[in-house]
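Got chain R; can you put chain E on it based on the hints?
Just so you know, the protein sequences line up as chains R and E, in that order. Counted from 1, the first sequence has number 186 at position 187 by numbering that gives the first Met the number 0; the numbering is strictly sequential. Counted from 1, the second sequence has number 16 at position 17 by numbering that gives the first Met the number 0; the numbering is strictly sequential.
Hints may contain errors.
[Stated by the list, open to error] Restricting the straight-line Cα-Cα distance to at most 30 Å, the calculated cross-link-like pairs of lysine-lysine (DSSO-like) are:
hint, chain 1, residue 1, chain 2, residue 2
1, E, Lys81, R, Lys135
2, E, Lys324, R, Lys135
3, E, Lys317, R, Lys135
4, E, Lys82, R, Lys128
5, R, Lys225, R, Lys82
6, R, Lys128, E, Lys396
7, E, Lys26, R, Lys135
8, E, Lys82, R, Lys27
9, E, Lys19, R, Lys37
10, E, Lys81, R, Lys148
11, E, Lys81, E, Lys225
12, E, Lys82, R, Lys324
13, R, Lys26, R, Lys324
14, E, Lys317, R, Lys27
15, R, Lys62, E, Lys27
Hint data in this document are derived by calculation from the structure and do not stem from the laboratory. Just so you know, these numbers come straight off a predicted model, no measurement behind them.
Residue strings, one per chain:
Number of protein chains: 2
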Amino acid sequence: MADNKKMVEQITSMDEDFAKWYTDIVKKADLIDYSSVKGCMIIRPYGYAIWENIQKILDARFKETGVENVYMPMFIPESLLKKEKDHVEGFAPEVAWVTMGGSERLTERLCVRPTSETLFCEHYANIIKSYRDLPKNYNQWCSVVRWEKTTRPFLRSREFLWQEGHTMHRTAEEAEARTIQMLNVYANFFEGDLAIPVIRGQKTDKEKFAGALATYTVEALMHDGKALQGGTSHNFGDGFAKAFDIQFLDSDNKLKHPHQTSWGVSTRIIGGIIMTHGDDNGLVLPPAVAPIQVVIIPIQQQKEGVLEAANRIADTLKAAGLRVKLDDSDQSPGWKFSEYEMKGVPLRIEIGPRDLADNKCVIVRRDNREKSFVSIAGIVDSVNEGLKNLTRALYEKALKNREDRTFSAQTLEELTEIANNKNGYIKAMWCGDLECELKLKEVADVTSRCMPFGIEPTGDKCVCCGREAHKLVYWGKAY
Amino acid sequence: MADNKKMVEQITSMDEDFAKWYTDIVKKADLIDYSSVKGCMIIRPYGYAIWENIQKILDARFKETGVENVYMPMFIPESLLKKEKDHVEGFAPEVAWVTMGGSERLTERLCVRPTSETLFCEHYANIIKSYRDLPKNYNQWCSVVRWEKTTRPFLRSREFLWQEGHTMHRTAEEAEARTIQMLNVYANFFEGDLAIPVIRGQKTDKEKFAGALATYTVEALMHDGKALQGGTSHNFGDGFAKAFDIQFLDSDNKLKHPHQTSWGVSTRIIGGIIMTHGDDNGLVLPPAVAPIQVVIIPIQQQKEGVLEAANRIADTLKAAGLRVKLDDSDQSPGWKFSEYEMKGVPLRIEIGPRDLADNKCVIVRRDNREKSFVSIAGIVDSVNEGLKNLTRALYEKALKNREDRTFSAQTLEELTEIANNKNGYIKAMWCGDLECELKLKEVADVTSRCMPFGIEPTGDKCVCCGREAHKLVYWGKAY
Chain R
0 MADNKKMVEQ
10 ITSMDEDFAK
20 WYTDIVKKAD
30 LIDYSSVKGC
40 MIIRPYGYAI
50 WENIQKILDA
60 RFKETGVENV
70 YMPMFIPESL
80 LKKEKDHVEG
90 FAPEVAWVTM
100 GGSERLTERL
110 CVRPTSETLF
120 CEHYANIIKS
130 YRDLPKNYNQ
140 WCSVVRWEKT
150 TRPFLRSREF
160 LWQEGHTMHR
170 TAEEAEARTI
180 QMLNVYANFF
190 EGDLAIPVIR
200 GQKTDKEKFA
210 GALATYTVEA
220 LMHDGKALQG
230 GTSHNFGDGF
240 AKAFDIQFLD
250 SDNKLKHPHQ
260 TSWGVSTRII
270 GGIIMTHGDD
280 NGLVLPPAVA
290 PIQVVIIPIQ
300 QQKEGVLEAA
310 NRIADTLKAA
320 GLRVKLDDSD
330 QSPGWKFSEY
340 EMKGVPLRIE
350 IGPRDLADNK
360 CVIVRRDNRE
370 KSFVSIAGIV
380 DSVNEGLKNL
390 TRALYEKALK
400 NREDRTFSAQ
410 TLEELTEIAN
420 NKNGYIKAMW
430 CGDLECELKL
440 KEVADVTSRC
450 MPFGIEPTGD
460 KCVCCGREAH
470 KLVYWGKAY
Chain E
0 MADNKKMVEQ
10 ITSMDEDFAK
20 WYTDIVKKAD
30 LIDYSSVKGC
40 MIIRPYGYAI
50 WENIQKILDA
60 RFKETGVENV
70 YMPMFIPESL
80 LKKEKDHVEG
90 FAPEVAWVTM
100 GGSERLTERL
110 CVRPTSETLF
120 CEHYANIIKS
130 YRDLPKNYNQ
140 WCSVVRWEKT
150 TRPFLRSREF
160 LWQEGHTMHR
170 TAEEAEARTI
180 QMLNVYANFF
190 EGDLAIPVIR
200 GQKTDKEKFA
210 GALATYTVEA
220 LMHDGKALQG
230 GTSHNFGDGF
240 AKAFDIQFLD
250 SDNKLKHPHQ
260 TSWGVSTRII
270 GGIIMTHGDD
280 NGLVLPPAVA
290 PIQVVIIPIQ
300 QQKEGVLEAA
310 NRIADTLKAA
320 GLRVKLDDSD
330 QSPGWKFSEY
340 EMKGVPLRIE
350 IGPRDLADNK
360 CVIVRRDNRE
370 KSFVSIAGIV
380 DSVNEGLKNL
390 TRALYEKALK
400 NREDRTFSAQ
410 TLEELTEIAN
420 NKNGYIKAMW
430 CGDLECELKL
440 KEVADVTSRC
450 MPFGIEPTGD
460 KCVCCGREAH
470 KLVYWGKAY
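Next comes chain R alone, as it looks inside the complex (with noise of 0.2 Å):
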């Protein structure tokens, strides 16, 4: 067991500086690594691995819904992204412009793409004639370029990799409707999938994407009780479609301009992933988007049967479409145990010979180390049920950890000492000035991270202002 103490002794403890311990987990995991390429980051085969499998599972949930994919141009003409008033001034100064082409200077500058709204209502324009070309579903998955000053791998970082939906609709409630889906899209991702719950809201205006009419979100809550935004679907009413001149004759033989969607989630989520199950072991990841499953570890394995025995579990488990990763390396199992907490292995099997002699072998679960012998003919059904129950664990974990870090504020004072003393959220009225947004934000230092669905009211007086307030809003600190 020396070794495993050694590798643990590498990462930093989660309360004394949760900071440091995210990025040696991003290290020691394996996730990513850094370049001479400041602000971006190289993605390795085991953090790859994990965004594999969240595309794979939206990608399928999109597609369900009558979503196609496409490919857009990386670049967009600076004359082109300025096309829409409100989008260009949002980011604008935050874009990395390719000025040179081989050895010529280009006569017009191209941006490369922070998000491309652009370029997808230029193409809309030319391919939306009638109502009968509506609607218009289109995603794509690429990465997208933003000229952060302070980065952090998967949560702020100058490339990221994220899938952008763009859709064009016949009329406004059908727009908003293919809004309000995409949110659900990712709030049961986040909440089925990656055992994340969410408060889905809707953004204030300061808040909002520049240049939609609506910003939805999916807001997570993270263990040191910071805010991640998970996820948004933006509801751009007809705003890019008349500054793109995006018009359709519809069965009235009458012209109109069409009503417009997006919506999209990122690498961040990975980061969301990390800060939301992780501990000082190191990773803790949903079997959803695991790249391994469970591990196997044999324990003893020059002994007779036993490499045997963990090989016919392995093909067993991989039969039943489980991603599974049998270590025979020469490593010792301690070595072994630590490396895969490490990595968030959601479950481990050791099997020796004494297990191998009753038919039975150990099941160790990543998030409470909960040990279960169960017998090797019932192994499909054990390890299953253990991923099943791990990740509600992982959920009732986490939402637990949101409950006790939800706060309540009623006056101006109250909110200031609790954003003081404590992390979290913090419930509280607004009128819906942005004057008092911006108030809260100096002299608590937090934002509003959205106006919360279906739920209640604390009160019908402004916490900042004291004037008439129907909006509850959740504050607090975001990365």
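Coordinates of chain E only, in the frame set by chain R:
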């Protein structure tokens, strides 16, 4: 059938103007659209679905050989690009340069990756320390940029999608074996899945990748007799490893440089499919990558039972794992016939009241329009057999085209005469001198496509200078 005729008339005949036929197809089959980003293309849903099928097949085959996916930054600092001399000379003239981030001028300009050897090498230098760290078999799916002057959809564009595998090995032998292994993965994919016969061979020094020791290629011949490089696999030896100071401690306790490979295919493949199998009615897609493998078109669909039967057939075929579309729109059957012919759907099923009365339907093959009347009960077998036969027929037809267009020359006069009057490969011996290779380009406008594996020499004298020659070369004009 008036509609049918009308649509077909919109495409230029391939014999009349092959280049125009090609661009007609990519537009009319809804594969791509143009945008205001010069030289870049929008890959539309139907085109992108072909690419997704290509990715799915190849990605699984890569992973079967132990390949893992990663993601590298899209930017390369100029100093990093310059580390390997041949490499920077090959690529610097055609890269796009980012010089501004937001409103600030960068202290060092960054190129948008034209390929990622340099980034992989920098990363490998960080993570390879011991022989236990080898091999590393990494791949990434991404977009790359090359600032081309003249562009054509899929064949040559400023941005394109591809995969680039980059591997590191303990020995030269292992690297060479991996290089050939991946070449064979490509060859089997082209021949078995895309029904495109290929010549496997080695590139001459002039045509090899900038910085490689040896470049292997799979070369396909298009319908018009021009060659297309389908995929390449490079053995880098330890050249990059030395330039990037990548060393590992071997089991004999000596520091050594690992041996490297890289290999890639791109969205060019889609251009190759179009130009190999397409005809004057549009695309013809090999079933393995066709987004729709079978389209079902009801005849007199208002008649009782027709739509129900069509739906039952669709469900049965989908349950058998086939990609099926039932078009029950109010367009005429004739319109639908030409629409799905344009889109290259391999099989069409027609079902009308009379067929239904006999419990039969009609299957029409896209390639030769052959009709079969088959029983609805046995539809899955009939469709699978139809798809298999079509794949084989596409391959045979392409192979015959290549054989009919493969010529042989003993002298420079013969070669020039063939090059001036015929389109295809010219087999001719070569002494190995760059001068002769350049002369053939000058006098006959042909380039060396490859030195094929396992094909008998056609003589022992260089076709150009008459000196002793051991190398058989396939010469031709290439896309």
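Outcome of the hint check:
For a cut-off of 30 Å, the pair hint linking Lys81 (chain E) to Lys135 (chain R) is broken: about 44 Å separates their Cα positions. Restraint check for Lys324 (chain E) and Lys135 (chain R): satisfied, since their Cα atoms lie roughly 18 Å apart, inside the 30 Å limit. Pair hint Lys317 (chain E) plus Lys135 (chain R) holds up; C-alpha atoms about 24 Å apart against a cutoff of 30 Å. Between Lys82 (chain E) and Lys128 (chain R) the CA atoms are separated by roughly 51 Å; this puts the pair beyond 30 Å, and the hint is violated.
Our distance criterion of 30 Å between C-alpha atoms is broken by Lys225 (chain R) and Lys82 (chain R), whose separation comes to about 36 Å. Simply put, Lys128 (chain R) and Lys396 (chain E) have alpha-carbon atoms about 40 Å apart, too far for the 30 Å limit, and the pair is violated. With a C-alpha separation of about 18 Å, the suggested pair Lys26 (chain E) and Lys135 (chain R) falls inside the 30 Å cut-off, and the hint holds. Proposed proximity of Lys82 (chain E) and Lys27 (chain R) is supported: the alpha carbons are some 29 Å apart, at most 30 Å.
Of the pairs offered as hints, the one joining Lys19 (chain E) and Lys37 (chain R) is violated, with about 45 Å between alpha carbons and a cut-off of 30 Å exceeded. For the hint pairing Lys81 (chain E) with Lys148 (chain R), the CA-to-CA distance comes to about 26 Å; that is within 30 Å, so the pair holds. For the hint linking Lys81 (chain E) to Lys225 (chain E), the alpha-carbon distance of about 34 Å lies beyond 30 Å, and the restraint is violated. Our distance criterion of 30 Å between C-alpha atoms is broken by Lys82 (chain E) and Lys324 (chain R), whose separation comes to about 38 Å.
Proximity of Lys26 (chain R) to Lys324 (chain R) is assessed by CA-CA distance (about 21 Å); at most 30 Å being required, the pair is judged to hold. This hinted pair does not check out: Lys317 (chain E) and Lys27 (chain R) have alpha carbons roughly 45 Å apart, beyond 30 Å. Restraint check for Lys62 (chain R) and Lys27 (chain E): the C-alpha separation of about 24 Å stays at or below 30 Å, so the hint holds.
Figure legend: structure checked against the earlier numbered hints; hints not met, in rising order: 1, 4, 5, 6, 9, 11, 12 and 14.
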